[in-house]
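*Asks:* Here is how the chains run, residue by residue.
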Amino acid sequence: MGSIVKSIGKAIKKVGKFVVKAAPYILMAVALYAGIAAYGATAATASAAASGAAGAGAAGAGAAGAGAAGAPFLHATAAQSTAYIASTNAAAAASGNMFSYANYEAGTKELATNIGKMSGTPLTGGSPTGTSIPAGDMSGAMGGGTAPVAETASVGWYEGVKNYIATAMDGNKGYALIAGSQLLGTGISAIAAAFDDTEEKKLAFAEKQLKQQGTHFGFAPGEGRTPEEMPADSPFWMGYNQNLAMNAGAPVPGAFAHGIKQPTTSNRRTLNYDYSPKGVVTQSAAKTFNKKPQGMINLNQKGGVLNG
Amino acid sequence: MVKDGRAQQIPTGQSVVSPEDAELGIQPERLGSQMSDPLQEPTKEEESQVDMLLGGILDFVWGDGYDEIKGRMERSPNNLQQTIGGWAGRMVNVEVKSAAEGGVNVSRDILIGVAAEIINAVAEIAKKEKLWKPANDKEEEQFQGEALMYALEKYGELGDEGLNPQKSMEMAMSILREEQPEAQMMSQLGVRQKEEAKPYG
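Chains as they are written, first to last, in this note's numbering: chain A, 314 to 621; chain B, 71 to 271.
Simulated from the structure, these hints should not be mistaken for laboratory data.
There may be inaccurate statements among the hints.
Claimed, not checked - Pairs of lysine-lysine, DSS-like flavour, derived with a Cα cap of 30 Å:
| id | chain 1 | residue 1 | chain 2 | residue 2 |
| --- | --- | --- | --- | --- |
| 1 | B | Lys-114 | B | Lys-197 |
| 2 | A | Lys-422 | B | Lys-208 |
| 3 | B | Lys-198 | B | Lys-208 |
| 4 | A | Lys-422 | B | Lys-200 |
| 5 | B | Lys-114 | B | Lys-140 |
| 6 | B | Lys-197 | B | Lys-140 |
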């Protein structure tokens, strides 16, 4: 540790300031590069070993041979990914330059193949064999696997990728890196630019939210709108219907009840804001402030107990 | 009968997505109790290995090697990120092999963080010596990121029998699944967390 201190001292003398650390996302991107390259190196030998070792479906966890074995990063659960990785032939891949750009490209192509299964058309640059989405495959990988897409369903390529990246950008930088690297076919610079876009999106979203504060569900105060005039798909009705479904029964589109804004977990009655209390407001009796009793410790009066 | 203090089991469910997010195609996140932790916390030994590797290399960079590094960058100013990355990859590779000869098995998990710090230092020299003028912080980060990839490639090119592809894939998987907080992930990659120094004056 002493030499580190020495180094820092030299750094400050020579440079005049302490070095700035690389941003965490840069390091994570490079770790991803390493992982994808390692995957590319193992992909050739892994495909045979992995088939049947880890099913890729979210719903069909562990189902042998459920779709292509896929990439370790795209399995529905971490356990499946771990099982897949364990099934790869690491010894064979360790020969040669594991982190070569060629291996990285091979890895991204394999990823593209698997991501391509979410689209109806083949990906440029990849060579996907599937033309439809395996049930729960990508939807599971993206964390939304509650409703697996039907085996025969075919989603437009653009829509699929757009949704995929939107998910990635919002909550998971890693997915954005993969999506960016294979879609853009560029280095980290272009991917980093994508992060800028994410930030802008978030700022725009925050700004939109800020502007909506103090409004009546998006309508300006005093605009004269009533709830009945709101579109059936407005956030207002959405909240109302949720609440109604939890408390009473089936939602009633367009129906309105006072005071219902947030869903509750109990069957409490809805508040009735039309109700006016009939009680009499009585004035409380005036309080009398008593004089402060003479304390035991009173330095100003000689009669005090503790005064000498 | 002793009652469970908790009213009911917490069911697996999913996060709530706002209508605005739903418009962007963002889907609810599945939540459950099946959290996995394939990566281990960095050990004390690994932390000390980071210091051990960096100590010698940074001493060289800021000491005896400073003029040589500067001179080489001046002689070949083009594609500096590849040059710097190559140096970093070679330095780390030599140090790891030297440590192995001395009976120390360096954890390969920490090497990215070590290389990043070396690149950081050399990039700072390039900047100080006006051999590289980044327009902004973003450009600086991208430069260092690309250099780090070159470092990784060089490291693989030089070879290391201790490399384990499975560990690399597990690390990548963990990043993709955001299993650990960013700070913890950085720590696992060999990034020293508690190092903030203010310049004199």
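*Asks:* Check each numbered hint from earlier against the structure, then list the numbers of those it violates in ascending order.
*Replies:* Hints 1, 4, 5 are the ones this structure does not satisfy, whereas the remaining hints hold.
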